[in-house]
Amino acid sequence: MQGPLIDTLALHGVSRRTFLKYCSTLASLMALPPAAGVAMAEAMAAAPAAAKRPSVIWLPFQECTGCTESITRSHSPSIEGMIFDMVSLDYQETLMAAAGHQAEEVLRKTVEANKGQFLLIIDGSVATGLDGAYSCIAGRSNLALLKEIAPHAAAIVAMGSCAAYGGLPKAKPNPTGAVSVSDIVKDKPIVNIPGCPPIPVVMTGVLAHFLTFGSLPDLDKLGRPKAFYGETIHDRCYRRPFYDQGKFAKTFDDEGARNGWCLFELGCKGPVTYNACATVKWNGGTSWPVESGHGCLGCSEPNFWDAGGFYKALSMPANPLRMAAGAAVAGAAAGVAVSFANRAKKKDAKAAHETTTLADLEKSEER
Amino acid sequence: MNLGGIPILAADPDAGLSGNALPLLREIAERLKRLLATGEAGALDLHSLPLTPADRAWLKARLGEGEIRVILDSDGESTLDETACPGVWWVTHRNLHGAVSVELIEVAFVPELVKAHPEDVQNGLAHLELLMGDLR
Amino acid sequence: MNELQFLTWVRGTGLNIAVGLFLLGVLWRLIEIYSLGRKKDLSAPRHVAGASGWNTVFRRSIPPEGMVKRSPVSYLGGYAFHIGLAIVVFLFAPHIKLIQSLTGLSWPALPSQFIDLVAVVTLAAMVVVLADRINKPVKRFLSTFEDWFTWTVTFLPVLTGWLAVRHLLFPYTTMLALHILSVEILLVVLPFTKLFHAFTVFGSRWFNGAVNGHKGVAV
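Protein chains in written order, with the working numbering: chain A, 522 to 888; chain B, 1255 to 1390; chain C, 213 to 431.
FYI, nobody ran anything at the bench for these hints, they're computed from the structure.
A virtual CB, placed ideally from N, CA and C, is assigned to each residue, including glycine.
Incorrect hints may appear among the rest.
Unchecked claim - Mimicking SDA-like on lysine to any residue, the simulated pairs with C-alpha atoms at most 25 Å apart in a straight line are:
| no. | chain 1 | residue 1 | chain 2 | residue 2 |
| --- | --- | --- | --- | --- |
| 1 | C | 406 | A | 857 |
| 2 | B | 1287 | B | 1323 |
| 3 | C | 406 | A | 849 |
| 4 | A | 867 | C | 245 |
| 5 | A | 833 | C | 303 |
| 6 | C | 309 | A | 866 |
| 7 | A | 771 | C | 349 |
| 8 | A | 768 | B | 1311 |
| 9 | C | 406 | A | 860 |
| 10 | A | 709 | A | 609 |
| 11 | C | 309 | A | 844 |
| 12 | C | 406 | C | 378 |
| 13 | A | 768 | B | 1323 |
| 14 | C | 309 | C | 378 |
| 15 | B | 1287 | A | 560 |
| 16 | B | 1314 | A | 655 |
| 17 | A | 866 | C | 247 |
| 18 | C | 252 | A | 771 |
| 19 | A | 768 | C | 312 |
| 20 | C | 309 | C | 229 |
| 21 | B | 1314 | A | 780 |
| 22 | C | 406 | A | 850 |
| 23 | C | 252 | A | 870 |
| 24 | C | 252 | A | 850 |
| 25 | B | 1314 | A | 857 |
| 26 | A | 871 | C | 256 |
| 27 | A | 866 | C | 253 |
| 28 | A | 868 | C | 247 |
| 29 | C | 351 | C | 312 |
| 30 | C | 281 | C | 368 |
Claimed, not checked - Counterexamples of contact, computed for chain C against chain A with all Cβ distances above 12 Å:
| no. | residue |
| --- | --- |
| 31 | 249 |
| 32 | 348 |
| 33 | 349 |
| 34 | 385 |
| 35 | 409 |
| 36 | 431 |
Start from the sequences and build out the full structure, keeping to the hints where you can.
Shown next, in the form of structure tokens:
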């Protein structure tokens, strides 16, 4: 179906005002000024609608299904709306009715029919230990599956911190040899949508961008869409004024905590975490961690699990200084050893000492 | 411990105020001046500003309530309420589940969303003419 | 490596290594130096007023007569940055918190605004002292790589710390990570350079005073 998107939407019963409202929401969650929402609406309304619903394949690897749980709670655009109206979600183990050989057949056929066209979404990290045997689907390892399917995709979306950076499975000591999708696939455009789980509207927002503009959004150096991951939690936090005023909650039940002061000293990772929680919030805009009184865990950053404890302030030592005692003992031992060596040297010098008399000196002068 | 032994602490009414709401009033005043001088409308996205819930309540109380309340029923309910300062609108967009998705302060004679688009008016006219044709 | 990983490294592994090397170096050198010992002076001690180890420790902390006039930059600049460093390092609230979290010891802090002022004075004094070292031919002639290097590793922690507190140049957390890193470099370098005078200055003064006091000379 060709023609401006707004006409296509009208045929689907979406009024102009509904569309304007959607664009206004999108601009707000991308932290753009309200005027940008109007501009976006004009651009999107005039853009030609996609001729065919793009095929989407969603592969779950070493994951907990939290990302799927999160996206199914997406509001505007909702996941139901996406599946039926915007994309053809051909393979998603949690949501699809088919199972077993039928499901695997669908996967094979979809890849075959949409070579170079489909969008590949991956959640979960890729286990590489024991040739990937730690995580398998239908008898094949995730690693083999990724290497087989990725070359045929138009683009890859790494959904969640595990797919984007290795996430929780990669936490020390990383028993399964977990790595991110971008560690394996090097020659395809990859969008990282980190978060544990990612914010639902961020996931659907990226899909909407791909569908309306036919391209992937601008990415930062970690492969994240700038629109959502452009600023830190701290920069957009409503408790930021208290940080600037030096008002901090010291425990979770003191007066500062009751007054909603800054949670930096309770280990908030907001200052180093790039995500949209502070503006978009969770559960359809109900609240978000800091608003509920808990610091940010930094779940959308690489290796957040090993970042020195969730409840330690960013300015405090991350780990107890384990080397200190050993180093002190080693230093003392080295000092004692060197002093014994010095003593021995002194003793040798004393032993080798020859007495010089006045007569000796006079003799040497005569010569 | 008996009930009398539990200390009662009255919450400080200014406890949650960050001091960030007052500058917003100045910004709104600036935008109103621009609206009067050039007719240019503007908006502030409250979600993207570092405001505490107390700040937002304070701001809403200062701006007060005006005479017009618009309810837009599209993909969830939206309310566009004029404040006690004509030209300043408190806009709240909700999704189908009733959760607030966007909260804006719009400075305009009439918010853009309320006005009917000429193309839509055209469609409405066509519909009306069709209707009249059937009735004849 | 992103900001979080950098910060995590400097406040984790980096700090661990730096503090370890610092303790190792300090104990090694202190034991080595003090175990060297002195030959026993068999002569009868001469008693002169003001000639003793403790007197020298005190006397050398104040400038000899006329020297402030002859070399004002060395003395005033030196005092300003040494006292400034001590105040900034030991009386700034976040530093006390850090020491408390590591050792359990704490003491009252000075107001942050005052510390800010002291940091600026310290930085200015250090720049003036460096300029003097470059400008005076004799000082420049006597300077080796170690002098320029130790000045840099002392200057950087103060500069990065001040920038971090003032939220200048980089985002706070990046600046904080750079500050911690610069302190770690200082910790590693300190025991093995002339900066070790932080530990030996009073001991060596006492030795000098005591040895000369025995001979009846007040130095």
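Self-check item: Satisfaction of hint between residue 229/C and residue 309/C, Cα-Cα up to 25 Å
Solution: It holds: about 21 Å lies between the C-alpha atoms, which stays within 25 Å.
Quiz item: Does the structure keep residue 768/A and residue 1311/B at a Cα separation of 25 Å or less?
Solution: Given that 25 Å is the threshold and the Cα spacing comes to 21 Å, the pair holds.
Quiz item: For the pair supplied as a hint, residue 406/C and residue 850/A, is the alpha-carbon distance within the 25 Å limit?
Solution: 23 Å, holds
Practice problem: Measure nothing beyond the straight line between the CA atoms of residue 406/C and residue 857/A; if it is 25 Å or shorter, mark the hint as holding. | Solution: 21 Å, holds
Quiz item: For residue 431/C, which was marked as not at the interface, is the minimum beta-carbon distance to chain A over 12 Å?
Solution: 26 Å, holds
Quiz item: Between residue 833/A and residue 303/C, does the CA-CA distance stay at or below 25 Å?
Solution: Roughly 22 Å separates the two Cα atoms, so the pair holds.
Exercise. With a cut-off of 25 Å on the C-alpha distance, tell me whether residue 309/C and residue 866/A pass.
Key: 46 Å, violated
Quiz item: Is the Cα-Cα distance between residue 252/C and residue 870/A 25 Å or less?
Solution: 17 Å, holds
Quiz prompt | Pair hint outcome, residue 406/C versus residue 860/A [Cα-Cα no greater than 25 Å] | solution = Measuring from Cα to Cα gives roughly 20 Å; hence the hint holds.
Self-check item: Hinted pair residue 866/A and residue 247/C, Cα distance within 25 Å
Solution: Status holds; Cα separation ~13 Å.
Quiz item: Is residue 1314/B within 25 Å of residue 655/A, Cα to Cα?
Solution: 56 Å, violated
Quiz item: Any Cβ of chain A at or closer than 12 Å to residue 348/C, or is the non-interface label fine?
Solution: 37 Å, holds
Checked against the numbered hints listed earlier, the structure breaks hints 6, 7, 12, 13, 16, 18, 24, 25, 29, 30, 31, 34; every other hint is satisfied.
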